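Chemist: This is what each chain is made of:
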Amino acid sequence: MPVYKLCMKITKKNIPHLLIYIIVFLIVSSIMAVTAQKSHKEQETFSRVKTNIAFINEEESPLIEGLKDELGKAANFVELPDETETLQDALFFRRIVYILRIPEGFTQRFINGDYMPLEKTTIPDSYSSAYIDLAINKYLNTARLYIQQMGGITQEELVSYLKENLSKETNVEIPYSEPEADLNYSNYFFNYLAYSLLSILILGMSALMISYNDRDLKRRVGCSPLSDTAANLQFILANLTFAMVSWLIMVVFCLIIDAKNSLTLNTFYFIISSFIFAFCGSGMGFFIGSVAKGNETISAITNVVVLGSCFLSGVFVPVEFLGSTALKIASFTPSYWYVKANNRIAQLTHFDAAYIKPVLSDMAIVFCFGIAFFALSLVIRKNRRYS
Amino acid sequence: MVIKVKNLVKRYSELIALDHLSFSVRKGEIFGLLGPNGSGKTTAINCILSLLKYDKGEIEIFDKPMTPEAYDIKRNIGIVMQNVAVYNELSVYENIDYFCGLYVKDKNLRKKLVDEAIEFVDLNDYRKFYPNKLSGGLLRRLNIACGIAHKPELIILDEPTVAVDPQSRNKILEGIKELNKKGATIIYTSHYMEEVEQICSRIMIIDKGRAIATGTKEELKAMITLGEKITVESYDISEEHLIRLKNLPNIVSVEYKEQLLEIKSSKGKNNLENVLEFIKRENIQFGKIYSELPTLNDVFLEITGKELRD
Ligand SMILES: Nc1ncnc2c1ncn2[C@@H]1O[C@H](COP(=O)(O)OP(=O)(O)OP(=O)(O)O)[C@@H](O)[C@H]1O
Ligand SMILES: [Mg+2]
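Those sequence lines, one after another, are chains H and Z. Note that the working numbering numbers the first sequence so that position 101 is 366, with each residue one more than the last. Note that the working numbering numbers the second sequence so that position 96 is 89, with each residue one more than the last.
Some clues are possibly wrong.
For each label pair, taking beta carbons as the anchor points, the in silico distance ranges come out as [unchecked claim]:
1. R4(Z) to F581(H): 49 to 59 Å
2. K170(Z) to A565(H): 45 to 55 Å
3. Y5(Z) to I621(H): 52 to 62 Å
4. T506(H) to S194(Z): 46 to 56 Å
5. E251(Z) to D481(H): 41 to 51 Å
Listed below are the simulated DSS-like cross-link pairs for lysine-lysine, each with C-alpha atoms no more than 27 Å apart in a straight line [unchecked claim]:
6. K483(H) to K144(Z)
7. K121(Z) to K278(H)
8. K144(Z) to K270(H)
9. K105(Z) to K277(H)
Treat the hints as calculated values from the structure; they're not laboratory data. Predicted model only: the values in this text are computed from it and were never measured. Virtual Cβ for every residue (Gly too), placed ideally from N, Cα, C.
Make the full structure from the sequences, and use the hints.
Modeler: Spelled out as structure tokens, the structure:
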């Protein structure tokens, strides 16, 4: 595999260049780790204070009333008009930390056993919102248990059972109601990984492509019995190797820094998500390297594509603060789906199929982006043969 | 036939780079492609190797049609491009090993071949150097080593000696002869007529994409009327002398510039003798006097009306 070996050698020569990105990434994430732990402590002292949330109700039902009562134990309800801008402002200025929206038809679907998510918007990395999540999950999970066990139970009966049950256990369950894991750090780390990984992959990949696609060298290699297919395959293989090694270094670092959370299922899903993203990033690098011609083009593209897509997708700024247009544009970039999956994973406390499914579908989208990038590059390379 | 090219036409929009070029290269010869800058030598080579699409014509190598996918043919060709093509990230050794590796899979065999190639271009002291640390001439030599390491049957060299010092150049030319003796057929492209004359067994002269003459150097020189060129260094030549000189038998042209009298004669006997006799008779004082046989430049000049080198 001469081309594969060649790629590895060229990449090795580029390591000092790439190391800068890795080191900056590792430093920034270590700083994040420290601050995340600090804010964790601060929040602990405030944890007795009730959280301010907005409860937007699109339908009235005893079940929802019961949920509101139950949440009342952990939260203050702030009355706000149902306007996106007002709600976002309230979030931004921390008047509330959580917006819970009960979509119409929720009660009926819930009783029928269909899955329908509650819509929520939170300040990311907020300790207290996890607390609310937990209260909601507890209420709904217990309710589901009753519905499954006692077929034909009326809503009123259900709510009264729930009230009794949850109040009875409240005292016992207090230590339980704390979130088990603090996922602030890993969530931030894996989101930020999108930026570093993309930069490194695209930079490394394109440096490689520039050497390889040099006109004279290409002609020279074109005289040899090496077939295009073989060359492309080896190239992609080298590409993936490089992506996987970079990914591995970063993930191992995260596991070391955030050792106490390393064994949670959340971290497991983070790792899978970032792995798929690394695959996609390698496709992106391959694509940019196939399209771009010179070094300047590459660094320009790297900045625009990587910085731009990461900014829009909520890598640096939480998605809650971005306008809907920005998010619409962002949804054409893989990093958007990657961050989305990560944010979902960070909120996961239960790992039933119903909760995991949206995470998996986001990952699948990222994966498809990767495949598309590779396919497109191959087409472009084929057409470029004679130029 | 190792290579057969028939009616090859290549156009770059308006410019006709190759105009119905036909030639063939026989097994075991060193075939020279001689032409001034921009005459289409590189274009011809690129078409032969299927690196460029051409508009018309047929190309056969080893009696098989050449296509971009003809890997069996490519396996037996070695190529030294006019533009140095090496990887800056690889050392001298690694570069040769890489290019050789495109043809030869066996590791041990390859190691031997690479060592031989390094020996061949005399780069032993530079094995671990990276290309950006090599001088222009050394880089050329690396380029050659990368092209011939796998011991191909057919070697195509496109101006391999540009920027190489005379000593190394001679070594390279000797090396090419050596490769030829060991059985390789060689196509050698250059605009240095001395080089071509020195090593090529057959020569094609091209200009503006057209073949203007093909043959051994003796055959080429026989094609033209010029027999020899006599040069006389002298201060006292008058117009009268020039006219009378021109009337001597066999003399084609007479020119007197900067104390140099240049007399061109057509093929025939006693040309130098006649001129010497004339000088003695007229009592002309002279310094040096010498006679030269025609060069390929004269061939080119006579056919195209312009000098091969400007
Ligand atoms: N890519 C191209 N596009 C347009 N014209 C080209 C291109 N490549 C070469 N030419 C033209 O084709 C003609 C032949 O070029 P070519 O490189 O074959 O000459 P050459 O004989 O190899 O010259 P040299 O001795 O300088 O290497 C030249 O006039 C050149 O300007
Ligand atoms: Mg040329």
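Chemist: Taking the hints in turn, state whether each one holds.
Modeler: Hints, verified against the model:
1. R4(Z) to F581(H): 49 to 59 Å: Once the Cβ atoms are compared, 53 Å apart, the range 49 to 59 Å for F581(H) and R4(Z) holds.
2. K170(Z) to A565(H): 45 to 55 Å: Once the Cβ atoms are compared, 51 Å apart, the range 45 to 55 Å for A565(H) and K170(Z) holds.
3. Y5(Z) to I621(H): 52 to 62 Å: holds, 60 Å
4. T506(H) to S194(Z): 46 to 56 Å: Given a distance of about 49 Å, which is inside 46 to 56 Å, the answer is holds.
5. E251(Z) to D481(H): 41 to 51 Å: holds, 43 Å
6. K483(H) to K144(Z): holds, 21 Å
7. K121(Z) to K278(H): holds, 14 Å
8. K144(Z) to K270(H): Measuring from Cα to Cα gives roughly 22 Å; hence the hint holds.
9. K105(Z) to K277(H): holds, 26 Å
In this structure, every one of the numbered hints holds.
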